[in-house]
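Engineer: Here's the letter readout for the chains.
There are 2 protein chains.
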Amino acid sequence: MNFTISTQEFLKTLNIANKAFTPRPVNPIYSNFKLEVGENGLDITSSNGELSLITNIPLIKNNVQIIRDVLPGAILVKGDKLTKIITNLIDEEVTFQVLIDNIVEIRTKNSKYTLNCIRADEYMDIDFSLEGTKVTLDSKKFIDAVTQVAFCASQKQTKLALTGINLENNDGNICFTATDGSRLAKTTIEANTKDRFNINVPVKTMVEVARTIFNESEIDMYVGIRRIWFQLDHTLLTSTLIEGDYPRTSNIIPKNFSAKLEVNSQDFLNILNRVSSITDERENIVAITMNEMKVTVSTKASQVGSANEVLTNFKYSGEELTMAFNCDYVSSAIKALKSEDVVLNFVGQMKPFTVSTTNNPEVIQLITPVRIY
Amino acid sequence: MNFTISTQEFLKTLNIANKAFTPRPVNPIYSNFKLEVGENGLDITSSNGELSLITNIPLIKNNVQIIRDVLPGAILVKGDKLTKIITNLIDEEVTFQVLIDNIVEIRTKNSKYTLNCIRADEYMDIDFSLEGTKVTLDSKKFIDAVTQVAFCASQKQTKLALTGINLENNDGNICFTATDGSRLAKTTIEANTKDRFNINVPVKTMVEVARTIFNESEIDMYVGIRRIWFQLDHTLLTSTLIEGDYPRTSNIIPKNFSAKLEVNSQDFLNILNRVSSITDERENIVAITMNEMKVTVSTKASQVGSANEVLTNFKYSGEELTMAFNCDYVSSAIKALKSEDVVLNFVGQMKPFTVSTTNNPEVIQLITPVRIY
Chain Y
563 MNFTISTQEF LKTLNIANKA FTPRPVNPIY SNFKLEVGEN GLDITSSNGE LSLITNIPLI
623 KNNVQIIRDV LPGAILVKGD KLTKIITNLI DEEVTFQVLI DNIVEIRTKN SKYTLNCIRA
683 DEYMDIDFSL EGTKVTLDSK KFIDAVTQVA FCASQKQTKL ALTGINLENN DGNICFTATD
743 GSRLAKTTIE ANTKDRFNIN VPVKTMVEVA RTIFNESEID MYVGIRRIWF QLDHTLLTST
803 LIEGDYPRTS NIIPKNFSAK LEVNSQDFLN ILNRVSSITD ERENIVAITM NEMKVTVSTK
863 ASQVGSANEV LTNFKYSGEE LTMAFNCDYV SSAIKALKSE DVVLNFVGQM KPFTVSTTNN
923 PEVIQLITPV RIY
Chain C
563 MNFTISTQEF LKTLNIANKA FTPRPVNPIY SNFKLEVGEN GLDITSSNGE LSLITNIPLI
623 KNNVQIIRDV LPGAILVKGD KLTKIITNLI DEEVTFQVLI DNIVEIRTKN SKYTLNCIRA
683 DEYMDIDFSL EGTKVTLDSK KFIDAVTQVA FCASQKQTKL ALTGINLENN DGNICFTATD
743 GSRLAKTTIE ANTKDRFNIN VPVKTMVEVA RTIFNESEID MYVGIRRIWF QLDHTLLTST
803 LIEGDYPRTS NIIPKNFSAK LEVNSQDFLN ILNRVSSITD ERENIVAITM NEMKVTVSTK
863 ASQVGSANEV LTNFKYSGEE LTMAFNCDYV SSAIKALKSE DVVLNFVGQM KPFTVSTTNN
923 PEVIQLITPV RIY
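Line order of the protein sequences matches chains Y and C. Using our numbering, the letters of the first sequence map in sequence onto residues 563 to 935. Using our numbering, the letters of the second sequence map in sequence onto residues 563 to 935.
Derived by calculation from the structure, the hints in this document are not laboratory data. You may find that some hints are simply not true.
Copies of the same chain look alike in the list, so a pair counts if it fits in one copy or across any two.
Pairs of lysine-lysine, BS3-like flavour, derived with a Cα cap of 25 Å [what the hints assert, rightly or not]:
{"hint": "1", "residue 1": "Lys703", "residue 2": "Lys897"}
{"hint": "2", "residue 1": "Lys862", "residue 2": "Lys646"}
{"hint": "3", "residue 1": "Lys862", "residue 2": "Lys640"}
{"hint": "4", "residue 1": "Lys856", "residue 2": "Lys674"}
{"hint": "5", "residue 1": "Lys674", "residue 2": "Lys862"}
{"hint": "6", "residue 1": "Lys702", "residue 2": "Lys671"}
{"hint": "7", "residue 1": "Lys671", "residue 2": "Lys877"}
{"hint": "8", "residue 1": "Lys877", "residue 2": "Lys674"}
{"hint": "9", "residue 1": "Lys756", "residue 2": "Lys877"}
{"hint": "10", "residue 1": "Lys671", "residue 2": "Lys856"}
{"hint": "11", "residue 1": "Lys862", "residue 2": "Lys671"}
Put together the whole structure using the sequences plus the hints.
Structural biologist: Okay, structure coming up:
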């Protein structure tokens, strides 16, 4: 096995391969990348056991020869070490050659590196066949949807389904939901199929797919029974699905509200940030007291002191209301909405409230309040 | 106690006070700042037990009123909480007022914070009297000297004196030395006194003093028997000294060399960085083989592979020589010299070698090689 490749293109592709890399995987074989070179160029496969991907560099790209002097073959090399060497090289081209005794040599004009390597057939079989329902999605909308919900997925392994993002196709509209039990985020994007599915995708998979999208205006998603695939221009990602039923969330989100607060996002974030100077870091609880004349955000921590901030720029309609909540939850919800203004809608004391925007009504952030100290 | 102060000036001074702050000090009283306001303005005292400082904001600065509505008094408040509140305020002025029951109120137009506080007389007595030998030093030269040697101080508590920087006055030249036993850095700056002293200053003290210097062109250092003081324009820092004899290092540095390698700093750093892709992170050992025709940097790690880099731009005089060393030590030494080119001077196999520059011959970095694998 042998090839000479543009260092920059090699590095770009290694960086994609690293999205499915973990330095200490459960199965140690996954600390390796599989490199396979042939007439279709160079394929790099990587996996962390859950998320796997295969990414390709063609021999010629935009009429420029990227890879030359190919002797076809495949090999496994340590992903982190290979990346580190290629990252630091300054030469334009690098030659990769398998020597005897399972050693690869990586060389440029003045540098020569060797890495121990393993036979390619010792790698695990990864199912890169495309099965199930094919859905074509707008890339930008997919990335936005992932960003708007991913942070709400549960970190705890007690209810596995909640560690993922739920994707449910309702008549051509795919609903993305994530919840950790205390807060929930939900949004919808259109799809080109009405085939029903209701799956839980590991949140890390969704985030890494969103990060891998580069120039693609659309991506193809294939929903199988136990597995999902995402086809990008030069990269195919696949992940196991999380088994288990996702809670029914559609009836949790209130439809009718009795009070409504409109604020400037940045002003409100600044106030939450200031008030949380006083709170306990583990329990970042603040209270908001609202009537049509005055809105104040306050907190009290017996060991430390108290904080009280008056909002100067707001619109409030409804009866006087006091709600206490985890300051981080509201801050994350506002940041995820990426809007100049946000609207908080309340049903009443101790009832979940929503954070949303007028310019993107599909996105709903729902937060459960806490009992006031 | 009462005052209204420019938020920006208050924050600037709190940031200085934080240089002697540690969130979990051995003596919990040091988690507080002492604030004292009177006709000389506001004094903030902070300490971590080893390094202490007092810093002042005058009532009026450059004809601008910084502090107004003063009711003299003193109080202790949690340093981190106070800093966090003031950092996040957006108002131009803030009012600080001690209420009954040992509570301070910090308020602006729309914000009101309270912090629990402690009586000022519960703070430890800190010796801010200036005693001993007074030495006036050029600020820039002081900062450079600290930067050039500090990283060589020992991290281990086994030989306490080595955790400091040794300052020795030899006839009006103060020699700064730091060593951890495997490497040593040394430089000299002029002083306006020939009074002899030979002291060990905690490295953190030296680094924080260097960081606190702002506009001062000169600083005054007072060397006492058990304590040292640094007088800056608005801030006085003091620290205990480290007891114990510092090793005699003057005869360790070789005077006559048998081989000399001149390299471009950045090229050589890049090569060391590339080669260390292969090394074990804990034992970052590389070897250099030099003769007048060829210089190569190489390493081998049985579990990983090997690296071999040929230098393209160098001058070497002397016999063929191979030296192995800790790559981090040489990289840190070169970075500390801040010079376009560096010179490595060798005495022979397994003998300590120096890294230095022609434009600043006062600074010597000495590195002990390691036995080659």
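Engineer: Each hint needs a verdict: does it hold in this structure or not?
Structural biologist: Verification of the hints:
For a Cα distance limit of 25 Å, the shortest separation of Lys703 from Lys897 inside one copy, 17 Å, qualifies, whereas the shortest one across copies, 46 Å, does not. Within a single copy, Lys862 and Lys646 get their C-alpha atoms only as close as 49 Å, which misses the 25 Å cut-off; across copies the closest is 16 Å, which meets it. For the identical chains of this complex, Lys862 and Lys640 are inter-copy neighbours only, at 16 Å across copies versus 52 Å inside a copy, given an alpha-carbon limit of 25 Å. For a Cα distance limit of 25 Å, the shortest separation of Lys856 from Lys674 across copies, 15 Å, qualifies, whereas the shortest one inside one copy, 70 Å, does not.
For the identical chains of this complex, Lys674 and Lys862 are inter-copy neighbours only, at 12 Å across copies versus 63 Å inside a copy, given an alpha-carbon limit of 25 Å. Within a single copy, Lys702 and Lys671 get their C-alpha atoms no closer than 42 Å, and across copies no closer than 43 Å, so neither meets the 25 Å cut-off. In this assembly of identical chains, the alpha carbons of Lys671 and Lys877 lie at most 25 Å apart only when taken from different copies (20 Å versus 67 Å within one copy). For the identical chains of this complex, Lys877 and Lys674 are inter-copy neighbours only, at 22 Å across copies versus 67 Å inside a copy, given an alpha-carbon limit of 25 Å.
In this assembly of identical chains, Lys756 and Lys877 lie within 25 Å of each other by CA distance neither inside one copy nor across copies; the values are 40 Å within and 72 Å between. In the homo-oligomer, the alpha carbons of Lys671 and Lys856 lie at most 25 Å apart only across protomers (14 Å), although the nearest pairing inside one protomer, at 71 Å, exceeds that limit. Only between protomers do Lys862 and Lys671 lie at most 25 Å apart by alpha-carbon distance; the minimum there is 20 Å, versus 66 Å within a single protomer.
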